[in-house]
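**Q** Sequence:
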Amino acid sequence: MISRLSLVRWSLCGAALLVAGCGRKPDQKRGGDAAPVIVAHAERKAVPLALPAIGAVEPIRTVSVRSQANGTLLKIHFQEGDDVKAGELLFELDSRPFENSLRSAEADLEKTRVQLSNAEAQVKRYSELKAGAMITKEQLETIRDNARALRAGVLSSEAAVANARLLIEYCSIRAPIAGRTGSLGAHEGDLVRAGDTGVPLVVINQLSPIYVTFTVPQQNLALIRRYRREGPLHVEAAPAGSTDTDIEGELTFIDNTIDATTGTLRLKATFDNPDHRLWPGQFVKVRITLATPSVVVVPSTAVQRSQDGAYAFVVKSDHTAEERPVEVERTVDGESVIARGLAPGEIVITDGQLRVLPGRKVQITSGRPAAETPVTPTASSAAEHAKP
Numbered sequence: 000m001i002s003r004l005s006l007v008r009w010s011l012c013g014a015a016l017l018v019a020g021c022g023r024k025p026d027q028k029r030g031g032d033a034a035p036v037i038v039a040h041a042e043r044k045a046v047p048l049a050l051p052a053i054g055a056v057e058p059i060r061t062v063s064v065r066s067q068a069n070g071t072l073l074k075i076h077f078q079e080g081d082d083v084k085a086g087e088l089l090f091e092l093d094s095r096p097f098e099n100s101l102r103s104a105e106a107d108l109e110k111t112r113v114q115l116s117n118a119e120a121q122v123k124r125y126s127e128l129k130a131g132a133m134i135t136k137e138q139l140e141t142i143r144d145n146a147r148a149l150r151a152g153v154l155s156s157e158a159a160v161a162n163a164r165l166l167i168e169y170c171s172i173r174a175p176i177a178g179r180t181g182s183l184g185a186h187e188g189d190l191v192r193a194g195d196t197g198v199p200l201v202v203i204n205q206l207s208p209i210y211v212t213f214t215v216p217q218q219n220l221a222l223i224r225r226y227r228r229e230g231p232l233h234v235e236a237a238p239a240g241s242t243d244t245d246i247e248g249e250l251t252f253i254d255n256t257i258d259a260t261t262g263t264l265r266l267k268a269t270f271d272n273p274d275h276r277l278w279p280g281q282f283v284k285v286r287i288t289l290a291t292p293s294v295v296v297v298p299s300t301a302v303q304r305s306q307d308g309a310y311a312f313v314v315k316s317d318h319t320a321e322e323r324p325v326e327v328e329r330t331v332d333g334e335s336v337i338a339r340g341l342a343p344g345e346i347v348i349t350d351g352q353l354r355v356l357p358g359r360k361v362q363i364t365s366g367r368p369a370a371e372t373p374v375t376p377t378a379s380s381a382a383e384h385a386k387p
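Counted from 1, the sequence shown has number 129 at position 130 by numbering that gives the first Met the number 0; the numbering is strictly sequential.
There's no promise every hint is true.
With a cut-off of at most 30 Å between alpha-carbon atoms, the simulated DSBU-like pairs for lysine-lysine come out as follows [what the hints assert, rightly or not]: (1) Lys-284 x Lys-267; (2) Lys-267 x Lys-84; (3) Lys-315 x Lys-360; (4) Lys-315 x Lys-44; (5) Lys-284 x Lys-44; (6) Lys-84 x Lys-74; (7) Lys-123 x Lys-110; (8) Lys-123 x Lys-136; (9) Lys-136 x Lys-110.
Using C-beta positions, here's what the derived DEER-type ranges look like [as the list claims (entries may be wrong)]: (10) Gly-308 x Leu-220: 24 to 30 Å; (11) Val-198 x Lys-110: 39 to 45 Å; (12) Glu-91 x Arg-150: 36 to 42 Å; (13) Val-198 x Gly-240: 30 to 36 Å; (14) Asp-254 x Gln-362: 55 to 61 Å; (15) Asp-195 x Gln-138: 53 to 59 Å; (16) Asp-317 x Gln-217: 48 to 54 Å; (17) Asp-317 x Leu-220: 46 to 52 Å; (18) Asp-317 x Arg-225: 40 to 46 Å.
Honestly, the hints are just simulated from the structure, not real lab data. Note that beta-carbon positions come from the ideal geometry of N, C-alpha and C, so glycine has one too.
All chains, full assembly: derive it from the sequences and hints.
**A** In structure tokens, the structure reads:
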């Protein structure tokens, strides 16, 4: 049987051990451990300076085909949605009334020409008789006036013939431009009228080349004008839902005024569009590339922000972390373009920053270890780093 004194002794030993265990500080044991981090290298590469926008596809030319003559629509020579060439026959009207008018006008012309021939012969004959005083001056003038009137009549009849022939030509309605036809506004057997401002016979849209119209904030006007003076500006369009590569075009129009309501500038880009991937009325994502400068970039996750501004943790050759202020110019596709603060080749921490303190060692768990690539900035990179 254990005595009461032994129990007291064992209790005191246990309490002493408990106090000793509680007094040990875990941080003291781990104080020398390096914080695990993931890193990446600052790189110099060409990154486009681009402006994003949303645009709408517009045909360069749209023509509403209408009749220039009254008549019955006899035949349609295409199907809705067909591609047509300029000058291709689209509609055929009943030309018989105009053919009858042409024959009548030609007969009137021939009749007037005969009358003119007789009048001119009279003028010649009586002009010769004047010398013999066989006709008065007034009679001769009357004969000459009649001849002049008949000459005018011939001109009028010739115009009537030409007009009748033109109306016959109007009965064959041809495509004024090459493009894609829309839905029909009339069908075979319908009576069409010249000058009808209602529904056109058909609308033709030019699909190749084609416009994409878009707007950018007015603050970008100076940039666009500056870089356009240096050469053509490249524009890319991406139709919604398309998995193909972006379609390439060129900026061809800058509007001459800013929209005072929206504060935006209207632009147009022209695309060859040979495969008709761009369609009138379609909304597309647009990116206009102003320049492609060579810049220093790091993953955007390497850039941290505080009240003092942006900074990044740089891993030095001795595996310690340095907090470096940086100036971010812009962010493109998950990468930050660094205007100042980093040189190409420097190693930055992209994950694990919350475990890092300036001057403390770090342990690289992913990415190239700092010891493999000691950072020795060149004179050029150092000069760039020191740029104001």
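**Q** All hints are to be evaluated individually against the structure, with a verdict given for each.
**A** Right, here's what the structure says about each hint:
no.: 1; hint: Lys-284 x Lys-267; result: 13 Å, holds
no.: 2; hint: Lys-267 x Lys-84; result: 25 Å, holds
no.: 3; hint: Lys-315 x Lys-360; result: 9 Å, holds
no.: 4; hint: Lys-315 x Lys-44; result: 22 Å, holds
no.: 5; hint: Lys-284 x Lys-44; result: 25 Å, holds
no.: 6; hint: Lys-84 x Lys-74; result: 18 Å, holds
no.: 7; hint: Lys-123 x Lys-110; result: 20 Å, holds
no.: 8; hint: Lys-123 x Lys-136; result: 14 Å, holds
no.: 9; hint: Lys-136 x Lys-110; result: 28 Å, holds
no.: 10; hint: Gly-308 x Leu-220: 24 to 30 Å; result: 29 Å, holds
no.: 11; hint: Val-198 x Lys-110: 39 to 45 Å; result: 43 Å, holds
no.: 12; hint: Glu-91 x Arg-150: 36 to 42 Å; result: 38 Å, holds
no.: 13; hint: Val-198 x Gly-240: 30 to 36 Å; result: 32 Å, holds
no.: 14; hint: Asp-254 x Gln-362: 55 to 61 Å; result: 57 Å, holds
no.: 15; hint: Asp-195 x Gln-138: 53 to 59 Å; result: 54 Å, holds
no.: 16; hint: Asp-317 x Gln-217: 48 to 54 Å; result: 51 Å, holds
no.: 17; hint: Asp-317 x Leu-220: 46 to 52 Å; result: 50 Å, holds
no.: 18; hint: Asp-317 x Arg-225: 40 to 46 Å; result: 45 Å, holds
In summary, this structure violates none of the numbered hints.
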